[in-house]
Amino acid sequence: MTTMPDTAAETRRSTVTGPSGVPLAVYSAGDPARPTVLLVHGYPDTHTVWDDVAADLAADHQVVRYDVRGAGGSGRPGPVRDYRLDLLADDLFAVAQAVSPDRPVHLVAHDWGSVQSWEAVTTPGAEARIASFTTVSGPCLDHVGHWQRRRALRPTPRHLLQLANQMAHSWYIAAFHVPVLAPALWRFRLARRWPTLLRVVEGVPERAGHPQPTLAEDAVQGIKLYRANMLPRVLRPRSRPTRVPVQLVTLTRDNYVRPALNEDLERWAPGLRRRTMDTGHWAALLVRGPELAALVRSFAAEREPAPQDAPDAAS
2 MTTMPDTAAE
12 TRRSTVTGPS
22 GVPLAVYSAG
32 DPARPTVLLV
42 HGYPDTHTVW
52 DDVAADLAAD
62 HQVVRYDVRG
72 AGGSGRPGPV
82 RDYRLDLLAD
92 DLFAVAQAVS
102 PDRPVHLVAH
112 DWGSVQSWEA
122 VTTPGAEARI
132 ASFTTVSGPC
142 LDHVGHWQRR
152 RALRPTPRHL
162 LQLANQMAHS
172 WYIAAFHVPV
182 LAPALWRFRL
192 ARRWPTLLRV
202 VEGVPERAGH
212 PQPTLAEDAV
222 QGIKLYRANM
232 LPRVLRPRSR
242 PTRVPVQLVT
252 LTRDNYVRPA
262 LNEDLERWAP
272 GLRRRTMDTG
282 HWAALLVRGP
292 ELAALVRSFA
302 AEREPAPQDA
312 PDAAS
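If you use this note's numbering, the sequence shown closes out at 316, no skipped numbers anywhere.
No lab work stands behind these hints: they were computed from the structure. One or more of the hints may lead you astray.
Beta-carbon label-pair distances, calculated as ranges [said to hold, decoys possible]:
1) THR157 <-> ALA34: 52 to 62 Å
2) PRO102 <-> ARG200: 40 to 50 Å
3) PRO260 <-> PRO291: 34 to 44 Å
4) PRO125 <-> GLU267: 16 to 26 Å
5) ALA209 <-> ALA60: 16 to 26 Å
6) ARG268 <-> THR157: 26 to 36 Å
By construction, the Cβ of each residue, glycine as well, lies at the ideal position given by its N, Cα and C atoms.
Using the sequences provided together with the hints, build the complete structure.
As structure tokens, then:
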């Protein structure tokens, strides 16, 4: 890991290179001697979407954020295959090891950050590196595949309604698989209108630095996340349980991940902690950040291991 000073006060910027060689821009704040909270952003964001949550948690934690591959200041691989979930999980573990080599981290993730974090926490042995996982608006794609299969095999009116409702809110996924269309929309229309859409749809006020200046290119690169992972994982779901303690934060006004998609999750995460916020997909972070931070702080405190339980640096 190489480190350089950042212009923002109390923020340490570094670069971590994962096993596949993609450089990742990492941003840390707070006391490194405190428990580490690792925040993973989704699509089409960068680490800055966590600004409010990070500022709150940095009072009593080391807070680490990074731009995932293809976004912000991190490397941008070209081939779609370089955005597979296993590679994204390798990136996450590399960052966790670099910023907290002697102590497991408390993982918090949103949207596609949560999708790739599920890949990490369902990796055998993940509990040695991850003390807890708070997931917001991003399911495990394998769990989604099993969820759909169970409802298709038991086509009760309720199950069919759930399937239809989620499909109606996932329309954009099909659009992202159409060649040329989605990248063109982002470059020539959506990127300019994104602040207005967030304000009108979710009540997120416009402010400096949001969205990030790299939004158009981040969004175009991020389409590869969908193309590399959605169909393989949903159509051929694997069995992905986890031993990591999981806190699920359901957003009742999420326009993309409907609450019904979170049913059956105890099958994969025994002892699941369920919490609810009456807010939208991005508003949870950009409007209600301190409230989300409080949920993270409480759950992490309960799951913080004793010093003798921390992993060796080599683990």
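#### Entry: Structure versus earlier hints - violations, ascending order
3 and 6
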